[in-house]
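Participant: Okay, here's what each chain looks like letter by letter:
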Amino acid sequence: MRFLLTDEQQAFARALDTMLGAADTAAAVRAWGAGDHTPGRAVWTRLAEAGVWSLAVPEAYEGVGPLPVETVVAFVELGRHAVPGPLAETAAAGALLSRLAALGHDTPAKRLLPGIVGGGTMATLVVSEPGPPETGSAAPRPEAGSAAPDGPPEAGSARPRPEAASATPDGRAETVGAAPRPEAGSAAPDGPPEAGSAAPRPGALGMALDADAADAVLVVQGEELRLAAGHGPVVRSLDPARRLARPDAGGEPLAVGPAVAEAAGYAARWAALATAAQSLGVGLALLERTVSYVKQRSQFGTPIGSFQAVKHRLADTLLALEFARPLLYGAALTLRTADVAAAKAAAGEAGYAAARTALQLHGAVGYTEELDLSLWLRKARPLRDAWGTPARCRALVLDGLGDRPGGFGG
Amino acid sequence: MRFLLTDEQQAFARALDTMLGAADTAAAVRAWGAGDHTPGRAVWTRLAEAGVWSLAVPEAYEGVGPLPVETVVAFVELGRHAVPGPLAETAAAGALLSRLAALGHDTPAKRLLPGIVGGGTMATLVVSEPGPPETGSAAPRPEAGSAAPDGPPEAGSARPRPEAASATPDGRAETVGAAPRPEAGSAAPDGPPEAGSAAPRPGALGMALDADAADAVLVVQGEELRLAAGHGPVVRSLDPARRLARPDAGGEPLAVGPAVAEAAGYAARWAALATAAQSLGVGLALLERTVSYVKQRSQFGTPIGSFQAVKHRLADTLLALEFARPLLYGAALTLRTADVAAAKAAAGEAGYAAARTALQLHGAVGYTEELDLSLWLRKARPLRDAWGTPARCRALVLDGLGDRPGGFGG
Amino acid sequence: MDLTHTADEDAFRAEAREWLRAHVPARPLPSLETEVGFAAHRAWEAELAADRWSVVSWPERYGGRDAGIFRWLVFEEEYYAAGAPGRVSQNGISLLAPTLFDHGTEEQRARVLPSMASGEAVWAQAWSEPEAGSDLAALRSRAVRTDGGWLLSGHKTWSSRAAFADRAFGLFRTDPEAAKPHHGLTYLMFDLRAPGVTVRPIGRLDGRPAFAELFLDEVFVPDEDVIGEPGQGWRIAMATTGDERGLTLRSPGRFLAAADRLVRLWRERGEEPGARDRVADAVIGARAYQLFTAAGASRFAAGGTIGAESSLNKLFWSEYDITLHETALDLLGPEGERADQEWAEGYVFSLAGPIYAGTNEIQRDIVAERLLGLPKGRR
Amino acid sequence: MDLTHTADEDAFRAEAREWLRAHVPARPLPSLETEVGFAAHRAWEAELAADRWSVVSWPERYGGRDAGIFRWLVFEEEYYAAGAPGRVSQNGISLLAPTLFDHGTEEQRARVLPSMASGEAVWAQAWSEPEAGSDLAALRSRAVRTDGGWLLSGHKTWSSRAAFADRAFGLFRTDPEAAKPHHGLTYLMFDLRAPGVTVRPIGRLDGRPAFAELFLDEVFVPDEDVIGEPGQGWRIAMATTGDERGLTLRSPGRFLAAADRLVRLWRERGEEPGARDRVADAVIGARAYQLFTAAGASRFAAGGTIGAESSLNKLFWSEYDITLHETALDLLGPEGERADQEWAEGYVFSLAGPIYAGTNEIQRDIVAERLLGLPKGRR
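Chains as they are written, first to last, in UniProt numbering: chain A, 1 to 410; chain B, 1 to 410; chain C, 1 to 379; chain D, 1 to 379.
What the hints contain is simulated information worked out from the structure, not anything from laboratory work.
Since this is a predicted model, take the numbers as computed values, not measurements.
Any given hint might turn out to be false.
[As the list claims (entries may be wrong)] Heads up, simulated EDC-like pairs for lysine to aspartate or glutamate below, C-alpha to C-alpha not over 20 Å straight-line: (1) Lys376/C - Glu252/B; (2) Lys295/A - Glu369/D; (3) Lys295/B - Glu131/D; (4) Lys180/D - Asp102/D; (5) Lys180/C - Asp135/C; (6) Lys110/B - Asp7/B; (7) Lys376/D - Glu288/A.
[As the list claims (entries may be wrong)] A short list of chain A residues far from chain D (calculated; beta carbon distances all over 10 Å): (8) Arg14; (9) Ala31; (10) Asp212; (11) Ala213; (12) Val234; (13) Val256; (14) Ala391.
[To be verified] Among chain B residues calculated to face chain C with C-beta under 10 Å, some are: (15) Asp24; (16) Arg111; (17) Gly230; (18) Pro303; (19) His312; (20) Leu319; (21) Pro326; (22) Ala332; (23) Leu333; (24) Thr334; (25) Cys393; (26) Ala395; (27) Leu396; (28) Val397.
For glycine and all other residues, C-beta sits at the position ideal for the given N, C-alpha and C.
Construct the complete structure from the given sequences, taking the supplied hints into account.
Facilitator: This is the structure:
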């Protein structure tokens, strides 16, 4: 037990911080939002040089991974510096292809991973099907006692805990929250799997982030992975630096089979973890900037940072961020669906709450796009909802519980 | 449109305030909690003299009602003074018997109402069956397009709004939130009425408030109204002045038939409205006492009421109470289920939030039973949950919506 | 206690509903924070005005219908229920016009109000300055006496609508020697196209120029555009900002309609049970705001005034509006981030609510000190 | 980053689990805030102590097992997961004992700790006074020098456990002339049954005497019961209250077990979907608190100290505990008001969390000033 970053990990964070601090990321974000990817690509290359894209990828494909803790470290910094681009998606694409290779499909890995690691291939990723449904109640619930419908039967105890057996269990079953739920009192025990909710299932967004900038648009649909040939029109997000577009149908198939679904589940956890880390970084940056601002901004003859209401709101912001942080590292250590979901919910909410606080305490000037603060403010909410909304993550947390939450080793 | 209390209504409130302020209700509450009902009965008699028990009862039975607005006025004062006893229950019993008489069953009214109005008959009431289920999702949902299973078919538009036709519609259908829900997207459209939730239905508490003090323990079970002969052991509530006991089975039947269920629904709305008004009064008293306290209590050399965090918390408390207040009067004017439910949810939550604030700002001394503040603190949460928890009330609000919320006259 | 309307009011409601049914554009206009949307909204004001629906509560001679407060509330309910466009003339109608009614001259009213009612002249407010946000008494922009009028110089900011508007109103320091900073301020109207005015639009979070900075360099304002006595600006403006926070800025009809849209969204999304309580709270809150307003209007109609309780009003609607939009975005799930979905602009707009018209921190101070009688702190 | 336990720690966990399985009473003991319950809990302490489970982190010579911080955390997880009784000796073990380890003499430790470990002597804290709640420096109770010791006089209040406890510890003013109110205070232990002590139990909200007032009238305390140097009490106590807010007061195991009970209740109640998010947040919060504590323990094990971040800790668990219990009561619906249901006492207890050990208002001030560097206000 030493639940602390190592000196090397801390040095990695500082190095990224220094590099990004010198890179004028604010200008890169603004250009990115305007469709000019040049400065963003320059940052991307420097991230590659720093090794960020190698963290999910094993040595066999020129990576150094899988290193989820280092990924969290890096993505906190990416969030703190508001770096634009399909960051979590490229990391997840690396994870997907690596996992697929480990499961016996190594052609796409050989083809794409070196480029991803080297920074030459910016990738984006959509998992369309059987993509995570967006509401917990709409998650398929297999009949009592049965295993996940498509996955291998779960080994183990009377109450199977799929995460316990392996750090990377069947991704698909986890992604859709289909851990068997044999207990009495669960909804609709006698009905078909989906009884109990006639709700439409909004599903994932179905759009790729920054497809217009990416060199590889990877699409997972069911058990098929393909490389889309193009994409539809770019739709603006509430964060203009997030450019959304629907991948074209068709394109080049890269792999087919159950391994694709499993690898996609693994990649989705990786994406969720990286996104959560970005949320934390965004929240930390917002807090830091707001603390500086309220120290120098005076109203009624005194710095507004001396008003107790301001102080308490900032204290609460710090509280939420600092209790989300260990969840991230914990999730990086296990990569269990429920742990990643807990971290995602907590970091996403804390980052968004930090944005609300930052906006309120900056007042009108915070509401303007020209203040750089806006670059972080606008990221907080989309990051909170990408790769698992808080509601969906909370449902996954409950789905992932065994008979007792259990301690570290209990 | 003159959405203000009349001079007479304001004078009524002031008279009750003066009378109760002189009545040492604090001592009466403490005695009540210890099982000594004598001082509480004395207050009860004075309430009768002030006309409080006549407000739900028509002139034919020695009352002056139905006067729901005056009932709200009175119950706010009862809450402000923490009066003990089955207050809402006696008012609701009056409403039940009056309604039953109007529906052709006047024997129980003749027998019991004069005593209730005069203060000689303290009544309590349990509606056990088909009593309101406690979770909105567990409310029976008739099949699409059908009317409530036992009630008369709803007249009117394509989307029936039972409340629109009359201020006192079929109580039972309303009480169980069974307004037909024909729209697409509702849960389990093809299943049996209860599909979609295998949840146990906790139902109402099934206990009578202050049965040990009451002269008449009225029990509604389905379509039967009876007078219970006795009750089980008294169970303490978080508010010791609320003494809970299960009525004995059997007893004397007073009325049978669909009118009982309808009158019980009407009475339940009356009880919910009166309880909500008590919640508001409790919250107002807590706020008032806390404001006084923070003005005189000093820490760090200054009154704690000058600390901004304290001021803002009290401002938020006032905000919630003052926005619950008009909902109460609005609900009194319509007695629609959804309006009563909205008022109940808002006043119950505001009263409880006021208790949390009062406790926190009093600090340790507020946590003691010997400070009179505790008499109000302990009431806030049980009142919030009696005759409709916030969750159930919110479900009823949504169930009661037509195609648009609509304005006053729209 | 009475919530019923008179037969006249009911007839007025029916007339408004019918007119709106026939005239409200079938598709939403483009955002009024864009040049093309601004023009479209100005045209809509003209359409409203043509049938005397733009300023129903004003006297007939200025284009209104002499509608009392209850008819105004009825109109607003119908207006928003009909999904009618946002009001580009809001600042003029709800901030400047009440000031002119109370403190202007008949000449000023006759000159200013009709073109405001028709949308021909759209007004922007010009209160804040970079160093005077919540602390309005710290204003520095000045008006210097000149022949037949005043010369305005200084720097205003957060001037809503000023990117595309025609005229503006605000406070200027006319007596720098005044004993207290609140004194020596004067309330003036000026032309945004006058020589010496530079308008720099400022993009809000979604990039749209919802407000602007104004750089003023010896802008001439004739005496006829001073409202009230010189030096009395603070008193006059406080009455106006009271109004801004009170009845006239956020009508209940707006939130009733928004809650209704939220319920529809919730139903469309399969009545997600995890959001049930929040959707219900939106319905309850809209009703509470409607009834709170009805009580205030009743007091007003009975000769009372709106005092510090307007701070309760402002706190309520501004936080309500954000919560409602956040709930909608949550129901949309990942689609909530799309800038082209129907809740996006309202969400961004709602975020400004706790900031403008006196921050919510200030409002809570006011509630605590004036309504609860708590001691003034150093804040 | 490592969350794994050593083989020793795993063996320790297994041993604790096994012992608890065999010994934890099948039915909950009566409330420890009652005379009979207090006695039952004291007997349970003796049972724990008999097998050296009452103070696992203490040195063996005082009844402990020399368990490091991770083994202590493991024990706490197992303890609460097993549903074992509340700890009547909590005040002594978590507040006084750390002070004795740091500031006491070996004679004091040998005399005081073994009977504390066995439950033979149960200790109450005696910090607050009527005019000194959050503002401890305002203490007035005094200790006057006498032959061979001190005479205590004054009025203490909110003394947890004092209704039934044996001894108490607290701060007393020994130098009324000291330059600052923080100075001139001395840390003393005294006997609650000594001549001159009057204990008046105070009922908390549920009527149970969870604390007491102490009236002290020239109570003799021998020199051997002074901890540290006279006049150094403030410094010593601040170290102790830091501890009170830090690791030792609320172990993560307690909340992990509580969240687990909440999930069971939610499942029993049909997984009410309206409560789903709140139940999940309870699970997430318990895990966050566990991991936050693991990080703190790791820093501590690596030679670091717990500073102002203990205020974050206290804010988190105190608000978490209330929210968790409120969620449970909501799941119980109208049955939640029954004082005999299993969540009732925990709910009442949780309400005190934001008040004691430094109110949450003070904690937020500390976080803002010491962790964020915001200027001190007048508060």
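Participant: If a hint holds in the structure, say so; if it does not, say that too.
Facilitator: Now the hints, each set against the structure:
Simply put, Lys376/C and Glu252/B have alpha-carbon atoms about 63 Å apart, too far for the 20 Å limit, and the pair is violated. At roughly 11 Å between alpha-carbon atoms, Lys295/A and Glu369/D fall within 20 Å of each other, so this suggested pair holds. A C-alpha spacing of about 15 Å is found between Lys295/B and Glu131/D, which places the hinted pair at or below 20 Å, so the restraint holds. With a C-alpha separation of about 24 Å, the suggested pairing of Lys180/D with Asp102/D is violated against the 20 Å cut-off.
For the hint linking Lys180/C to Asp135/C, the alpha-carbon distance of about 14 Å falls within 20 Å, and the restraint holds. Our distance criterion of 20 Å between C-alpha atoms is broken by Lys110/B and Asp7/B, whose separation comes to about 33 Å. Of the supplied pair hints, the one linking Lys376/D and Glu288/A holds, its CA atoms being roughly 18 Å apart against a limit of 20 Å. For Arg14/A, the requirement that its beta carbon stay farther than 10 Å from each beta carbon of chain D is met, with the minimum near 17 Å.
Listed as outside the interface, Ala31/A is consistent with that label: its C-beta sits roughly 33 Å from the nearest C-beta of chain D, beyond the 10 Å cut-off. Every beta carbon of chain D lies more than 10 Å from that of Asp212/A, the smallest distance being close to 35 Å; the non-interface claim holds. The Cβ of Ala213/A sits about 32 Å from the closest Cβ of chain D, beyond the 10 Å cut-off, so the non-interface label holds. Val234/A, annotated as away from the interface, keeps every beta carbon of chain D farther than 10 Å; the closest lies near 33 Å.
Distance check on Val256/A: its Cβ is at least 35 Å (rounded) from any Cβ of chain D, clearing the 10 Å threshold; non-interface status holds. A beta-carbon of chain D comes within 10 Å of the beta-carbon of Ala391/A; the shortest separation is about 7 Å. Residue-level restraint check for Asp24/B is violated (minimum Cβ-Cβ distance to chain C is 27 Å; threshold 10 Å). The interface hint given for Arg111/B is broken, as the beta carbon of that residue sits about 32 Å from the closest beta carbon of chain C, more than 10 Å.
Against a cut-off of 10 Å between C-beta atoms, the interface hint on Gly230/B is violated, since the closest Cβ of chain C lies about 39 Å away. A cut of 10 Å between beta carbons decides the hint on Pro303/B: the least distance to chain C is about 6 Å, and the hint holds. The interface hint given for His312/B holds, since its Cβ lies 4 Å from the closest Cβ of chain C, which is under the 10 Å cut-off. Checking Leu319/B against chain C by beta carbon gives a least distance of about 5 Å; that is within 10 Å, so the hint holds.
Taking 10 Å as the C-beta contact cut-off toward chain C, the hint placing Pro326/B at the interface holds, the least distance being around 3 Å. Interface restraint check for Ala332/B: the shortest CB-CB distance to chain C comes to about 7 Å, inside 10 Å, so the restraint holds. Here the hint on Leu333/B is kept, as its CB sits about 5 Å from the closest CB of chain C, short of 10 Å. Using the Cβ-Cβ criterion of 10 Å, the hint placing Thr334/B at the interface with chain C is satisfied: the shortest such distance is roughly 8 Å.
The beta carbon of Cys393/B is positioned within 10 Å of a beta carbon in chain C (closest approach about 8 Å), and the interface hint is therefore held. Among the interface hints, the one on Ala395/B holds; its C-beta lies about 7 Å from the nearest C-beta in chain C, closer than the 10 Å criterion. A hinted interface residue such as Leu396/B counts as satisfied when its beta carbon comes closer than 10 Å to some beta carbon of chain C; here the least separation is about 9 Å, so the hint holds. At a threshold of 10 Å, the smallest CB-CB gap from Val397/B to chain C is about 5 Å, leaving the interface hint in force.
When each numbered hint is compared with the structure, violations occur for hints 1, 4, 6, 14, 15, 16 and 17.
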